[in-house]
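**Q** Quick mapping for you: the protein sequence lines, in order, are chains A and B.
Residues 1 to 111 in the working numbering are what the first sequence spells out, letter by letter.
Residues 112 to 224 in the working numbering are what the second sequence spells out, letter by letter.
It is worth saying that the hints were derived from the structure and are not from the lab.
Glycine is no exception: its CB is placed at the ideal position from the N, C-alpha and C atoms.
Do not take every clue at face value.
[What the hints assert, rightly or not] Here are the simulated BS3-like pairs of lysine-lysine, each with C-alpha atoms no more than 30 Å apart in a straight line:
1) B:Lys-137 <-> A:Lys-57
2) A:Lys-42 <-> B:Lys-124
3) B:Lys-137 <-> A:Lys-42
4) B:Lys-137 <-> A:Lys-58
[What the hints assert, rightly or not] Sample of chain B residues lacking proximity to chain A, with all beta carbon distances greater than 12 Å (derived):
5) Gln-167
6) Pro-181
7) Asn-190
[Stated by the list, open to error] So, partial list: chain B residues that the calculated Cβ filter (under 8 Å) puts toward chain A:
8) Ser-138
9) Gly-139
10) His-140
11) Ser-144
12) Ala-149
13) Phe-156
14) Pro-172
15) Ser-197
16) Ala-198
17) Leu-201
18) Ser-205
19) Gln-213
20) Phe-215
21) Gly-218
22) Ser-222
The chain contents come next:
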Amino acid sequence: QQQVKQSPQSLIVQKGGISIINCAYENTAFDYFPWYQQFPGKGPALLIAIRPDVSEKKEGRFTISFNKSAKQFSLHIMDSQPGDSATYFCAAATQGGKLIFGQGTELSVKP
Amino acid sequence: DAGVTQSPTHLIKTRGQQVTLRCSPKSGHDTVSWYQQALGQGPQFIFQYYEEEERQRGNFPDRFSGHQFPNYSSELNVNALLLGDSALYLCASSPSTGEGPQHFGDGTRLSIL
Numbered sequence: 001q002q003q004v005k006q007s008p009q010s011l012i013v014q015k016g017g018i019s020i021i022n023c024a025y026e027n028t029a030f031d032y033f034p035w036y037q038q039f040p041g042k043g044p045a046l047l048i049a050i051r052p053d054v055s056e057k058k059e060g061r062f063t064i065s066f067n068k069s070a071k072q073f074s075l076h077i078m079d080s081q082p083g084d085s086a087t088y089f090c091a092a093a094t095q096g097g098k099l100i101f102g103q104g105t106e107l108s109v110k111p
Numbered sequence: 112d113a114g115v116t117q118s119p120t121h122l123i124k125t126r127g128q129q130v131t132l133r134c135s136p137k138s139g140h141d142t143v144s145w146y147q148q149a150l151g152q153g154p155q156f157i158f159q160y161y162e163e164e165e166r167q168r169g170n171f172p173d174r175f176s177g178h179q180f181p182n183y184s185s186e187l188n189v190n191a192l193l194l195g196d197s198a199l200y201l202c203a204s205s206p207s208t209g210e211g212p213q214h215f216g217d218g219t220r221l222s223i224l
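So here's chain B without its partners, still in its complex pose (with noise of 0.2 Å):
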């Protein structure tokens, strides 16, 4: 039974640029959340996807969007990165909203130069 993945695992990116990251969350669950972690942070609550929309969404500026498709995997893109945006991004899946434990994927880590 596959856990949540995630793709990349490492992307490396200049200021103003524009990326996409992808996740497939695990068999069974159709809720996914997207977290940013700073290193030495705790993770951060960026939003949560469930039925192709997003139900909550954390206080993260408009730069930060996401997409939830029917298969139930998601991708979170960010525009005009900043140095600030380098962090490990995760993502959490669930059976469903409100319910059940959140699974999280080993990230993919984020640099921008």
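Pulled out of the complex, with its shape left as it was, chain A reads as follows (with noise of 0.2 Å):
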């Protein structure tokens, strides 16, 4: 219950594109589902965040979607750049702080 399943676990996305990736979680006492991007050899970095009582957030090319009901969400990459190529984790916390991951998806984006 404590799971947060993401997919896909690898995207290859032509230059313009737009990328897409989808988390599912089971527990409804999450309260709080930030998208992390990484880089080889650096730590996650915050990209964007929604709260369940929003069904979509937009920052620049960065849009989640959040179904409540169906208990998923999504990230959306507009007009995706090779500089975007890095691997994207899902999250999940409760109030707390706890951040619960997916497993990663690796993006590359083609020139």
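Make one complex out of these two single chains by using the hints.
**A** Below, the structure is given as structure tokens:
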């Protein structure tokens, strides 16, 4: 019940395309859903986050869509660029801040 | 404004040894969490410290212990190292328990021979 399932494991997108990564959770006590971006040799960097009272949040080229009834949320990267090539992690947390991470998606954006 | 800093960057130990990893939180943050990230996996929560006390703990054996100092910096100690402890150890800080996003350092890469 504490798991967060992420898909796909890897993704190849052409420059200018849309990258979509999906996550699903079981624990309805989760109330904070961040996405992190991680480059090789670096720690995860917070990209964008959403709380369950909002169905969508957009920051620049990054959008989170949240479906509370389905217990699913997704990250959309519009106009994907080669510099977006990284590993992306979804996560979920309850009050108290313990983050439960998905398995990660390795994104490669081809020029 | 310095972010989360961790030391050392890399460490090589042998089985059975003990190791101490260090973390300085981002300025203004008082809560520190530790995560273990195995190669190709998502980070897994080890424990969280707030007001110098362990507030939450993940599913890790008591070989893993920690400490938080009055200046909010923290240490992660691992005793009786096993080959399976080889991983990237990440420290994250946040403004206070349950509030604000967690900011991660670049981690300590621990290799066990």
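**Q** A separate judgement is required for each hint: does it hold in the structure or not?
**A** Structure-based check of all given hints:
1. B:Lys-137 <-> A:Lys-57: Holds, because 26 Å separates the two Cα atoms, which is no more than 30 Å.
2. A:Lys-42 <-> B:Lys-124: The given pair, whose Cα atoms are some 21 Å apart, holds under the 30 Å limit.
3. B:Lys-137 <-> A:Lys-42: Measuring from Cα to Cα gives roughly 16 Å; hence the hint holds.
4. B:Lys-137 <-> A:Lys-58: Given pair B:Lys-137, A:Lys-58 holds - Cα atoms ~26 Å apart, limit 30 Å.
5. Gln-167: Its Cβ does come within 12 Å of chain A, the nearest being 5 Å, so this is violated.
6. Pro-181: Non-interface label on B:Pro-181 holds, nearest chain A Cβ at 21 Å vs cutoff 12 Å.
7. Asn-190: The claim stands: B:Asn-190 keeps its Cβ more than 12 Å from every Cβ of chain A (closest is about 23 Å).
8. Ser-138: Not OK, violated: B:Ser-138 not within 8 Å of chain A, min 16 Å.
9. Gly-139: 15 Å, violated
10. His-140: 11 Å, violated
11. Ser-144: Since chain A brings a Cβ to about 7 Å from B:Ser-144, closer than 8 Å, the hint holds.
12. Ala-149: With Cβ-Cβ at 11 Å, over 8 Å, it is violated.
13. Phe-156: Hint on B:Phe-156: holds, closest Cβ of chain A at ~5 Å, below 8 Å.
14. Pro-172: Violated, about 18 Å.
15. Ser-197: Since the shortest Cβ distance to chain A is 16 Å, the answer is violated.
16. Ala-198: 13 Å, violated
17. Leu-201: Because about 5 Å separates B:Leu-201 from the closest Cβ in chain A, which is inside the 8 Å limit, the hint holds.
18. Ser-205: 6 Å, holds
19. Gln-213: This hint holds: B:Gln-213 lies near chain A, its Cβ roughly 6 Å from the closest one there, short of 8 Å.
20. Phe-215: Hint holds; B:Phe-215 Cβ to chain A Cβ min 4 Å, cut 8 Å.
21. Gly-218: 5 Å, holds
22. Ser-222: 14 Å, violated
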